[in-house]
Each structure stands twice: as C-alpha cells, then as structure tokens.
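Visitor: Required output: the full structure, derived from the provided sequences and hints.
As a plain string of letters, each chain reads:
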Amino acid sequence: MTITDTVTAAGIQLGGLTKSFGAVRAVDNIDLVVAPGETVALLGPNGAGKSTTIDMLLGLLKPDMGDVRVFGMAPAEAVKIGAIGAMLQTGQLIRDLKVRELLAMMASLYPNPAAIDDVVDITGIGDIADRLTNKLSGGETQRVRAGIALISNPDLLVLDEPTVAMDVEGRHVFWTSIRRIAASGKTVVFATHYLEEADSYADRIVLMARGRIVADGPTTEIKATVGLRTIRVTLPNVETDDLSALDGVKSSERRGDAAVLHCTDSDVAIRALLREFPAASDIEIAGAGLEQAFLLLTGDQESEDLS
Amino acid sequence: MSLTYLRYELLRTLRNRRFFVFTLAFPLVFFYLIAGANRHATLGGLSLPTYYLAGMASFGTMMAMVSTGGRIAAERQAGWNRQLRLTPLSPRNYFRAKVATGYMMALITMVLLFIAGATLGVHLQAGHVGEMVLLVIVGLIPFAALGIFVGHMVTPDSMGPVMGGGVSVLAFLGGAWGPVGGDSGFMHDVSQAIPTYWLVQAGHVLVGEKAWSATGWIVVAAWTVVLVALAARAYQRDTKRV
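Line by line, the protein sequences give chains A and B. With this note's numbering applied, the first sequence corresponds to residues 1 to 307, in that order. With this note's numbering applied, the second sequence corresponds to residues 308 to 549, in that order.
Check each hint, because a few of them may be wrong.
Ranges between beta-carbon positions, derived for each pair [what the hints assert, rightly or not]: (1) B:Pro395 with A:Gly47: 52 to 60 Å; (2) A:Val33 with B:Leu414: 49 to 57 Å; (3) A:Asn46 with B:Val476: 42 to 50 Å; (4) B:Ser475 with A:Val33: 53 to 61 Å; (5) B:Met494 with A:Gly47: 54 to 62 Å; (6) B:Arg540 with A:Val164: 15 to 23 Å; (7) A:Asn134 with B:Arg540: 25 to 33 Å; (8) A:Ala258 with B:Thr462: 44 to 52 Å; (9) A:Phe21 with B:Thr462: 16 to 24 Å; (10) B:Pro398 with A:Gly47: 26 to 34 Å; (11) B:Gln432 with A:Glu77: 49 to 57 Å; (12) A:Asn134 with B:His347: 21 to 29 Å; (13) A:Gly47 with B:Leu310: 40 to 48 Å.
Below 27 Å or equal to it, Euclidean Cα-Cα: the simulated DSSO-like pairs (lysine-lysine) are [as the list claims (entries may be wrong)]: (14) A:Lys98 with A:Lys62; (15) B:Lys547 with A:Lys80; (16) A:Lys80 with A:Lys62; (17) A:Lys223 with A:Lys250; (18) B:Lys547 with A:Lys62.
The following residues of chain B were derived to be distant from chain A, with all beta-carbon distances above 12 Å [claimed, not checked]: (19) Leu318; (20) Asn323; (21) Gly343; (22) Asn345; (23) Ala385; (24) Gly386; (25) Leu396; (26) Leu419; (27) Pro486; (28) Asp496; (29) Ser498; (30) Gly515; (31) Trp524; (32) Ile525.
What the hints contain is simulated information worked out from the structure, not anything from laboratory work. Note that CB positions come from ideal geometry on N, CA and C, so glycine has one too.
Guide: Written out as structure tokens, the structure reads:
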C-alpha cells in the first residue's frame, strides 16, 4: 500500500489561518483548499505572507489561530510518514558529502523513500551526483535541494520561491523537472513573485497581498487581473479626473508635472491620450509591478505611495 | 536512529579539514614536539611522555566533542536544521548522532595518541587503557552538552576564536599542558573544579594512578547538569525563533 491510497479527498486544507509577528499581521485569516494533484502558485510581492503561510503549512511555525490539515493530518504527522517534501526559501546544503551520499543520508530517515536514481534522474543532477555539495553552483544547489524535497517520495511538494538563485537557463531546467513531477500526480504548491512563473507552471493562482488572499482562480483569469500596464507621461495642468475618464484607463495619479495612468488596455489608452492631449510628452509604457497591481486590486489607499 | 544516517554523519566529519587539524594533527604534533624532546624527563610525578599523552588526549578528545558545536552552528546558518525538521528525524536523534560522532572522533584521537606514545616508549597495560577510555567517555559528557550549547549560541564566523580560545583556556586550566597550581592552594582548587582536569586525570590511570576521587565525579556531574540545562534552553530558544 502506498501513501497515496490513504489520502483523503482534500490535499491541503487551511482554515482561518492567522499569524502575527509583533504588531504586524503577516497572515490574516486565510482559507484555502487544494485538491490532490493540483499545481497551485502562491503569487504575491515580498511581505505578502507567502512564506509565513508555507511555514505554517509545513508545521515549522505555529499559527496564532486557525487550522492546517495535510491529507487529513496535522503537518507533523504528514512529515513523519514522508508525505510532504519541501524546498524552503533560504537554505544551503551541508558540506563534505557527495550529492548522492547526501541523498542517501536523507533517504535513510524515511519509511518509504524514493529510489535515489529516480530522484537523480528527475531533477537532472546525474552529472553532479559524485561532486561534493560544497563545490556546486547556485543553480546546481537548488536542483539538489529539489532532489532532497523529493527523496521521501512525497505526495505534496512545497516550493518556496525555488528559482530565486537561478539564472534563466537554470530556471528552465528546474521547471521542466517540476512539471514532470506534477504530471506524475503529485500535489505541488509553490510561492513566487514572478507572474510568468505562476502563469507558465500552475493550474491555479492564489494571489496574496498583505497577509490575505485577494484573488484565487484559474491561471488565465488571474493573469488578466494583474497583467495591468501603466503609462507615465509628462503633462502639466490636466486634472487626474480627466485622465481617469480616458478609454482604457482605470485610474490615474499625479506626480509633479508627470501623471501615471493605470490601464486596463494600454493600446486603447495611449490612442485616447494622444487624441485628447496632444501636449503629452516623455511617454513610457510599462507592465505594472505586482506590488502596483495588488494595490489597485486591494484598493488600499494608505500605502499607495509605497512603490 | 538509522545507521546509514550515522555513517554519513561520521564520513562528513572525517572529510572536514578542521577535524584533522585541531583534533588529530595538533595533539599529535605537540605530543611529539614536547614529549619527543624530553622523553626521560618527569612532570607532576609522571614520566613526561605519559603526562603529555594524557594531556593531549584530553585536549584532542575535548576538541573532538566540542567541535560538534561548530557543525551545529554551521548547519543552523545553512538553514539545515529547518530542513531536518521536515524529516522524521527527532531533535533527540539529531543530537545523538552528533554526540556519537564526537565520541567516535575522540576514540580515533586516543588510538592515534596511544600509537604515538608507544613509539616514544610509553608502556601501557590493556587494563589501564580500558579504564582510561571509560573515564574519558564519562568525562566528555559535559563537553557534549557544551558543544550543543555553543552550537546554538555562536555563529560559525566566531566559532574559531570561541573554540580555539575557550577550549585552549579550559585545557590549560585543567592541566593539559602541565600541572596548574601545584598540590594545593587557590589555583589548584580552580583547576580541580574544571572538567578538563578530570579528563587529564583519566589519562593518569595509564600509569596505575587511582581513578577519579569523589570530587572528580561530583565536578563532572555538576558541569553536566548545568551545561545540559543551558543547551536545552539554547535549543528551545532557537527553534522558537524558527
């Protein structure tokens, strides 16, 4: 009997999860259900509460309030039977062991570990398997860490911003492996602040900002919501109300002589802008950062000038 | 605890250069330098090679055990303790593996020193060697706790001075380099109150001196109680911070 056979309907259930650090409410009353086999991205800017949520999901951090269930169990139980594999945001490997030795060492801790060769294969670390862990590049280290996350043959794989230390090529190789892992039926939850990563590799995006879930849905839907663009233009003596009224513009704000237009459709907006205000100069069109998109989405005025 | 896990823990310690320098090379080199040049002299009523065999054994085994702290500190800095909390390995077994590794390193150090001693004509009886090894095993218990304590208090960067300085002072005060404070008086009392003193004394059973006095057992037990409590507190504080 494998662990998968005993898994109950819900893969992950977070209910009313809350955690504060001093006066800061890092995670604020989160409810989330992830079905087995889903690949879910937790998308949000730094400080959104992604890592805190993941730490509570893994049982590394005790919630102030709320409940965590992983395959119907408390996180510690799920960890004990090897049902969870995780790659934390920060962390290096211990030194003075070869990659294959480190995997064997970790495998020895679990009741039903994966075959080391399978893990080496799926994470593409065959060429470095006999190298010492302290002689690896950043990208290679991350792939070995992914291997460690898989060594227990987990049903749930949790990755907290796994590609931060990688170059473009490394990212590609890494996500190709993760895709193969997800395709084998495992539940995958990963945190990222790259919209492209969430878009390319997740079935579903859970959007987080300031400790809350602000949107949750299929990837295409969320992408349309946060894929906003901004137009920055030098244009004195025009009211922001007039700018906000332009076609394709959702809102606008003034910064000295310049104005910033938040657009739902920047193509329409730029035509309208030039038609109505020919004096507009120094025009820049940019994809909105996630931070910006979230602020618009959450309609939070007080910290609008954070960016 | 799985033997495979322990085996790799041991392997990576053996591959560590610091282990070779401080735990093996340093005591051996000093033993040959000092005892080799004065093989017929006496010190503290013993032949000088025997005295230094005991002294360097106490220094080397203490270093082997306390350097557990260096490994714990490095693993904490690497975030490895968090990774291990996502495995079925309990904290108790984590520390067991570390201490077991420390003891194995200490045994290797002693065996090499016995061999070195034999080359300088230190004659040993199997019974005496067995007694010394048992006493060293007991005498290292407070240092196992000290290692775990230091490993949770100190960053790897400052580990060098703490280990090099702290352990050397303990070794010196305990008489590893030569008797401290004569047969009585304040310094003698200070020396006797330090667990290193009893590690050095453990070596003196090699020449048929009597094993620890009641004071020895009490000193080692008291340090053990205090250091275990400190280590437990340091560990709890560390995991709470995550």
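Visitor: Against which earlier hints does the structure fall short, listed by number upward?
Guide: Those not satisfied are hints 1, 6, 12, 14, 19, 20, 23, 24, 25.
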